[in-house]
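Enquirer: Construct the complete structure from the given sequences, taking the supplied hints into account.
Protein chains in written order, with the numbering used here: chain A, 2 to 256; chain B, 2 to 256; chain C, 2 to 256.
Because the hints were derived from the structure by calculation, they are not lab data.
Virtual Cβ for every residue (Gly too), placed ideally from N, Cα, C.
Mixed in with the good hints there might be a few duds.
To be verified - Each pair of labels, with its calculated beta carbon distance range:
#1 Asp168(B) - Gly94(A): 39 to 49 Å
#2 Ala75(B) - Ala28(A): 48 to 58 Å
#3 Arg8(C) - Ala184(A): 38 to 48 Å
#4 Asp55(B) - Asn220(A): 23 to 33 Å
#5 Thr192(B) - His218(C): 38 to 48 Å
#6 Ala223(A) - Thr69(B): 26 to 36 Å
#7 Asp168(B) - Ser170(A): 50 to 60 Å
#8 Ala223(C) - Ala224(B): 29 to 39 Å
#9 Phe9(B) - Thr222(C): 29 to 39 Å
#10 Asp55(A) - Ala247(C): 20 to 30 Å
Stated by the list, open to error - Which bits of chain B does chain C cover? Going by a derived footprint, with three or more residues having C-beta under 8 Å, they are:
#11 76-88
#12 174-187
#13 245-254
To be verified - Quick look at which bits of chain A chain C covers, simulated, 3 or more residues with Cβ under 8 Å:
#14 21-28
#15 163-172
#16 191-205
#17 211-217
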Amino acid sequence: MSLSVSRFGPLVEVELRGPHHNAINVATWHALAEEFHRFASDDRIRCIVIGGADGNFAAGADIAEFNTQRHDLASVRHYHENVIAPALFAIAGCPHPVIAKIEGFCIGGGLEIAASCDLRYASESAQFGVPIARLGFSMAPDEMQALLSVASPALARELLLEGRILDASEAYLKGLVTSVVAAGELDAAVTAAVARINAGAPLAARINKRLLHAITHHNLTAAARAAGFDYAESADHREGVAAFLARRSPTFSGS
Amino acid sequence: MSLSVSRFGPLVEVELRGPHHNAINVATWHALAEEFHRFASDDRIRCIVIGGADGNFAAGADIAEFNTQRHDLASVRHYHENVIAPALFAIAGCPHPVIAKIEGFCIGGGLEIAASCDLRYASESAQFGVPIARLGFSMAPDEMQALLSVASPALARELLLEGRILDASEAYLKGLVTSVVAAGELDAAVTAAVARINAGAPLAARINKRLLHAITHHNLTAAARAAGFDYAESADHREGVAAFLARRSPTFSGS
Amino acid sequence: MSLSVSRFGPLVEVELRGPHHNAINVATWHALAEEFHRFASDDRIRCIVIGGADGNFAAGADIAEFNTQRHDLASVRHYHENVIAPALFAIAGCPHPVIAKIEGFCIGGGLEIAASCDLRYASESAQFGVPIARLGFSMAPDEMQALLSVASPALARELLLEGRILDASEAYLKGLVTSVVAAGELDAAVTAAVARINAGAPLAARINKRLLHAITHHNLTAAARAAGFDYAESADHREGVAAFLARRSPTFSGS
Chain A
2 MSLSVSRFGP LVEVELRGPH HNAINVATWH ALAEEFHRFA SDDRIRCIVI
52 GGADGNFAAG ADIAEFNTQR HDLASVRHYH ENVIAPALFA IAGCPHPVIA
102 KIEGFCIGGG LEIAASCDLR YASESAQFGV PIARLGFSMA PDEMQALLSV
152 ASPALARELL LEGRILDASE AYLKGLVTSV VAAGELDAAV TAAVARINAG
202 APLAARINKR LLHAITHHNL TAAARAAGFD YAESADHREG VAAFLARRSP
252 TFSGS
Chain B
2 MSLSVSRFGP LVEVELRGPH HNAINVATWH ALAEEFHRFA SDDRIRCIVI
52 GGADGNFAAG ADIAEFNTQR HDLASVRHYH ENVIAPALFA IAGCPHPVIA
102 KIEGFCIGGG LEIAASCDLR YASESAQFGV PIARLGFSMA PDEMQALLSV
152 ASPALARELL LEGRILDASE AYLKGLVTSV VAAGELDAAV TAAVARINAG
202 APLAARINKR LLHAITHHNL TAAARAAGFD YAESADHREG VAAFLARRSP
252 TFSGS
Chain C
2 MSLSVSRFGP LVEVELRGPH HNAINVATWH ALAEEFHRFA SDDRIRCIVI
52 GGADGNFAAG ADIAEFNTQR HDLASVRHYH ENVIAPALFA IAGCPHPVIA
102 KIEGFCIGGG LEIAASCDLR YASESAQFGV PIARLGFSMA PDEMQALLSV
152 ASPALARELL LEGRILDASE AYLKGLVTSV VAAGELDAAV TAAVARINAG
202 APLAARINKR LLHAITHHNL TAAARAAGFD YAESADHREG VAAFLARRSP
252 TFSGS
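Expert: Set out below in structure tokens:
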């Protein structure tokens, strides 16, 4: 498995690639964490899109590695807490907006990655599920928290206890994805979403993400509250209001 | 902008009015807080309906005032924490059931007001969104908490990062509104909802609201738990059970 | 009213029965608590299905008993906290997956039972609501917490303040049920769900349930986190992974 990272100006595209419908191996989990830590400190980035090669998002963690990488209590716990969790945390903690672009299998670890993104655009072909009870294991705590950031507790029970695979329309109806489009229209839908994100001020996006994290983690401290107004004297804030009042489009500098 | 308040027996109707599709200015935010504090202490009220004039709910805060009222860190923070937040808190904290009746634009501060109500009845014409990133700012902490009382974190990300405008059917599907009806049927739908509320005991409604607030704010103290049974020896409780057993309609006195 | 309990190997079927569309009396609430405590300690059980006799799930608590069992502050509080709540807690705390099979009325205490189950399969005939404000009372704290484990706060407001009855499709759209099927297909749908649960390892299901409870109750302690990996060296975990890699179906022993 490999991870392809492409840069188009302020847009980064990350592609999951590899055998078994892009099953994610240890090296790729590490690479995801590393790349997203790099993205975090690059303020020229406006948006990141994660997708998968050859018609699938990702079919889950690479089970072919389990016998060597994940086979007793110590290695199982290490695998989930030191291999998978850091990648999910790096994606969820990324200061820039992150879009999952989902076709085909979005299963297990693939669904966990998608749940760690801000937005989930799916093709009608997409399939969602976590059928790991059939492999004899339950979901690791950090991964369950990632899932619960977009799935209701009732939906998490359904996915985990039944191991059901949901098609795109059921996943949409149950709140698991942002939007579902015809298979041929996914690229255009994601491009339009990126354009909408780019039409806003970068600092506003970052503060919104930080504040949403603080509130949903019950951690709205006085400092987090104050930081919610960090945009107030920024050039982009002045430009945004001035442009609105002058009925013209704003030009944001990111400052 | 002005706020029109009408009283029809136990029903109060509040209407947002003014230029720019009922954009809400500082005076109106203050008036909303003041009126809802007054409603809170009037136990003859059974239900409050908030709507907007001329085919729109409200297009948001009045940006024309920003240059004088909201232009540097101190005034921005004052505007959000001392002007907008008290109005949203007064609505959300109202002991009586509050219905938002929504046509046309329900944007920014308008959506925050709607999210602070108990129920949201929308016309097919309604449009929902918070495109403030295009104005160079992020959502204030108290307002984000109001939004998150009805929007899932995933929906809040979509609304804030993309600045997307949702039509009524998408808003309904994503849980943002209680019900959507054809444009010509909104008055009748709200009237029917008011009648259903009036068919219940007033004290039951108030205790339900208080208890929901305690539970959703992780504050179910022993006192809040005990207060959940305050109806037990009320005349209306005895009347409700007696009427049910006698197969007749109850007559509630509010005591 | 009576409670019928049948055992089919690893499957337990519980049926609510009685007059007034299976209204639930004090004896039945006690029997529910007792039976579910018994199920909890029986590790041969894989799944429990709760349904109702004669085309209804349950129409709520048995109001005919209120004058003798629930008539002043002390008895009202006792009824809710020592009669109903223990039954709901026993269902919600059951270590095995629990499915509600819902036809017809699923009202009041019936809806609270359904909300305490892991999965809710409903017939198109099902109707959901809590019209207790018309009886002059509000929802007890423990019961409201049960409802909020599947209903959003906005939906709880709608159900409690309006007392509206939702049909199956609206309940599904609002996230209150897992699946809705044609009336004649409910048995087959539940049988298929049971089969999917049985295709997973029992220990995985129990750990998933325990961990979901810890996370949703903000109680992911170090011990709860560690217990999330209790499956690691189980025979079923080894069998599940080995079977997957050998492309055969696993045979789980429950150990």
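Enquirer: Give a verdict on every hint.
Expert: Hints versus structure:
no.: 1; hint: Asp168(B) - Gly94(A): 39 to 49 Å; in the structure: 33 Å, violated
no.: 2; hint: Ala75(B) - Ala28(A): 48 to 58 Å; in the structure: 51 Å, holds
no.: 3; hint: Arg8(C) - Ala184(A): 38 to 48 Å; in the structure: 47 Å, holds
no.: 4; hint: Asp55(B) - Asn220(A): 23 to 33 Å; in the structure: 42 Å, violated
no.: 5; hint: Thr192(B) - His218(C): 38 to 48 Å; in the structure: 41 Å, holds
no.: 6; hint: Ala223(A) - Thr69(B): 26 to 36 Å; in the structure: 28 Å, holds
no.: 7; hint: Asp168(B) - Ser170(A): 50 to 60 Å; in the structure: 18 Å, violated
no.: 8; hint: Ala223(C) - Ala224(B): 29 to 39 Å; in the structure: 32 Å, holds
no.: 9; hint: Phe9(B) - Thr222(C): 29 to 39 Å; in the structure: 54 Å, violated
no.: 10; hint: Asp55(A) - Ala247(C): 20 to 30 Å; in the structure: 25 Å, holds
no.: 11; hint: 76-88; in the structure: violated (count 0)
no.: 12; hint: 174-187; in the structure: holds (count 3)
no.: 13; hint: 245-254; in the structure: holds (count 4)
no.: 14; hint: 21-28; in the structure: violated (count 0)
no.: 15; hint: 163-172; in the structure: holds (count 3)
no.: 16; hint: 191-205; in the structure: violated (count 0)
no.: 17; hint: 211-217; in the structure: violated (count 0)
Comparing the model with each numbered hint stated earlier shows that hints 1, 4, 7, 9, 11, 14, 16, 17 do not hold.
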